[in-house]
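Chains A and B, in that order, are what the protein sequence lines are.
Okay, so the first sequence: first residue is 1 according to our numbering, each after it adds one.
Okay, so the second sequence: first residue is 392 according to our numbering, each after it adds one.
Worth flagging that the hints you see were computed from the coordinates, not collected in a lab.
It is possible that part of the hints are untrue.
Said to hold, decoys possible - The following label-pair restraints were derived from C-beta to C-beta distances: (1) A:PRO353 / B:VAL423: 55 to 61 Å; (2) B:LEU597 / A:LYS49: 58 to 64 Å; (3) A:ARG362 / B:SER399: 37 to 43 Å; (4) A:TYR160 / B:SER399: 39 to 45 Å; (5) A:THR205 / B:VAL416: 27 to 33 Å; (6) B:VAL423 / A:GLN158: 36 to 42 Å; (7) A:GLU56 / B:LEU560: 43 to 49 Å; (8) B:ASN537 / A:PRO353: 41 to 47 Å; (9) B:VAL561 / A:LEU325: 52 to 58 Å; (10) B:SER399 / A:LYS49: 54 to 60 Å.
None of these values were measured; they are calculated from a predicted model.
Glycine is no exception: its CB is placed at the ideal position from the N, C-alpha and C atoms.
Listed below are the residues making up each chain.
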Amino acid sequence: MKHDALFVYSPDFLTYKFNAHHPFNQLRVEMTYDLLKALGALSDQQVMKPRQASVEELKLIHHDAYIQAVQKASQGLLSKDEGLNFGLGTEDTPIFPNMHEASAYLVGGTLTAVDLVMSGSTRHAISLGGGLHHGFCGKASGFCIYNDSAVAIKYLQQKYNARVLYIDTDAHHGDGVQVAFYDDPKICTFSIHETGRYLFPGTGTINERGYGNGYGYSFNLPLDAYTEDESFLYTYETAIREIAEFFKPDVILTQNGADAHYHDPLTHLYTTMETYKHIPKIAHELAHKYCNGRWIAVGGGGYDIWRVVPRAWSLIWLEMTGFTLKEDLLPKNWVDKWSKRAQHPLCTTWSDPPNLYKKVPRKKEIEEKNSRTLQNLLFPIRGTERNKNVT
Amino acid sequence: MIVEEIMSRNLITLLPTDKIKQAVVLMNKYHVRHIPVVDKEYTLLGIISDRDIKDAAPSIFAQDREFEEFEKPVHEIMTKNVIVAYPLDFVEEISFTFYENKISCLPIIHKGKLVGIVTKTDILNTLVQLTGAHQPGSQIEVKVPNVAGKLSEVTKLLSDHHLNILSVLVYPYKQDDTYRTIVFRIETLNPTKAIYALVEHGYEVLRPHITDVIR
Numbered sequence: 001m002k003h004d005a006l007f008v009y010s011p012d013f014l015t016y017k018f019n020a021h022h023p024f025n026q027l028r029v030e031m032t033y034d035l036l037k038a039l040g041a042l043s044d045q046q047v048m049k050p051r052q053a054s055v056e057e058l059k060l061i062h063h064d065a066y067i068q069a070v071q072k073a074s075q076g077l078l079s080k081d082e083g084l085n086f087g088l089g090t091e092d093t094p095i096f097p098n099m100h101e102a103s104a105y106l107v108g109g110t111l112t113a114v115d116l117v118m119s120g121s122t123r124h125a126i127s128l129g130g131g132l133h134h135g136f137c138g139k140a141s142g143f144c145i146y147n148d149s150a151v152a153i154k155y156l157q158q159k160y161n162a163r164v165l166y167i168d169t170d171a172h173h174g175d176g177v178q179v180a181f182y183d184d185p186k187i188c189t190f191s192i193h194e195t196g197r198y199l200f201p202g203t204g205t206i207n208e209r210g211y212g213n214g215y216g217y218s219f220n221l222p223l224d225a226y227t228e229d230e231s232f233l234y235t236y237e238t239a240i241r242e243i244a245e246f247f248k249p250d251v252i253l254t255q256n257g258a259d260a261h262y263h264d265p266l267t268h269l270y271t272t273m274e275t276y277k278h279i280p281k282i283a284h285e286l287a288h289k290y291c292n293g294r295w296i297a298v299g300g301g302g303y304d305i306w307r308v309v310p311r312a313w314s315l316i317w318l319e320m321t322g323f324t325l326k327e328d329l330l331p332k333n334w335v336d337k338w339s340k341r342a343q344h345p346l347c348t349t350w351s352d353p354p355n356l357y358k359k360v361p362r363k364k365e366i367e368e369k370n371s372r373t374l375q376n377l378l379f380p381i382r383g384t385e386r387n388k389n390v391t
Numbered sequence: 392m393i394v395e396e397i398m399s400r401n402l403i404t405l406l407p408t409d410k411i412k413q414a415v416v417l418m419n420k421y422h423v424r425h426i427p428v429v430d431k432e433y434t435l436l437g438i439i440s441d442r443d444i445k446d447a448a449p450s451i452f453a454q455d456r457e458f459e460e461f462e463k464p465v466h467e468i469m470t471k472n473v474i475v476a477y478p479l480d481f482v483e484e485i486s487f488t489f490y491e492n493k494i495s496c497l498p499i500i501h502k503g504k505l506v507g508i509v510t511k512t513d514i515l516n517t518l519v520q521l522t523g524a525h526q527p528g529s530q531i532e533v534k535v536p537n538v539a540g541k542l543s544e545v546t547k548l549l550s551d552h553h554l555n556i557l558s559v560l561v562y563p564y565k566q567d568d569t570y571r572t573i574v575f576r577i578e579t580l581n582p583t584k585a586i587y588a589l590v591e592h593g594y595e596v597l598r599p600h601i602t603d604v605i606r
């Protein structure tokens, strides 16, 4: 074991770019890398170059016809109607030059992280280009072309015969990964997200528990809008600890969408940096408890790339490496550099300012609702304890 | 949408001479609460529900003896004048039948024979399909004046932003009947553009509210 953690990164991650106005912007990966460098928390020896995933690897999850369609689109050879059948050329997933290569590169990044961890070169690895959890086997959806996490899980299963616990803390339901393993009892998926009543994709209800042999291995914790840190963390931590204990994984893959934050323009969960401090802590602890440290982290959603994502994602790396922050201020040179390009004044501290938003009037009601959802979620695995007073 | 598109055709049935015990077994095995009683030609004779069985069963305080009541034939406890529907009926119409008669299950008859069954659960599932909630999308609710042409204006705005509509529901705006609520399910992760466009054109977006979009 050479390393505690490795950081899979290349500027080529930024080639996954739909257009200038699209909310999914991989500049946030570079900003995170830059922030960690400025902080002195990331050395060149810790940075690993990703590879592009092969078509064979993509086929672990994706249909041949779909991959061919993406390849054609990549060269500008796919007709509009053909594309729409595969979800390509829509507002969410527009066609762009070399989109196959760019998408396969993100998948390759996640696979590189998997190999680094499973070969024993490192305990933990992170590839923030990945986390494209809405990609389906034959259709692009919700900003995602190829589903790196689903491919990586299948790869972990086939190459390393591993039982994988997938933890998805993106504010949107991880539908693509869930459906890929819906009937597989050797893969456990857990997604915590804002309820789909209004929010994309609309799925992720508590009743989606799997199918056939996989019944009981898909977990969904849909939270109400305006949940805030306290209720988010309480329900999240309770759920994931019990699910990990139930499943006893060999390896943990976490999808770290950073779009549940108050500033995020697409969601309404109202969490703060407090939540993003705790999420990686819990993953880290569980990886050591059950998996001999094996933990792969990927990125995901996150649409306030200036104020939220770089801070949130850096915290994962700091947790992986055990780096202690000496002060709450962000490195000044980083703030100065990116302030020039930012659309909002950057946040200059790791923590959010107090009173970030106006008090939520229905707080108590929302907390009660979330607690009830939590109890219903865990009911099947609490089994014989069902008569115990669960609080 | 018509009934034959949503009815189940896998029928679990009983003969009038079958024992009540048999009904209990079938209900537990198939997780159903109603079983049509038919003759050998599938002519509907009656229906038996889990409540008919509960009525026929002895008190739970009499658990220590055999239920001789369950040895009796089902025709003794079945409901005979059954409310039914037909394969070409509209789903809206039979929804009203469910509501009006406070029932949970409708046998479907064609040429005098039982051909299918629709339960309240099937109706709910149809509602899910109608709202488009089974496909990835975002939902927005818009308040519009209750005059001709508003739906077309609003859908034009969505179309201008290349947003594919998965479903549309229009219903009364309860507080004020000069308005209507239109609920769209649109195929996108990013409804903010649509919300901006609607607000810019003077529409009130009820949910998600604009103040949750601009921060």
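Checked hints:
no. : hint                            : in the structure
1   : A:PRO353 / B:VAL423: 55 to 61 Å : holds (58 Å)
2   : B:LEU597 / A:LYS49: 58 to 64 Å  : violated (49 Å)
3   : A:ARG362 / B:SER399: 37 to 43 Å : holds (40 Å)
4   : A:TYR160 / B:SER399: 39 to 45 Å : holds (43 Å)
5   : A:THR205 / B:VAL416: 27 to 33 Å : holds (32 Å)
6   : B:VAL423 / A:GLN158: 36 to 42 Å : holds (41 Å)
7   : A:GLU56 / B:LEU560: 43 to 49 Å  : holds (45 Å)
8   : B:ASN537 / A:PRO353: 41 to 47 Å : holds (45 Å)
9   : B:VAL561 / A:LEU325: 52 to 58 Å : holds (53 Å)
10  : B:SER399 / A:LYS49: 54 to 60 Å  : holds (56 Å)
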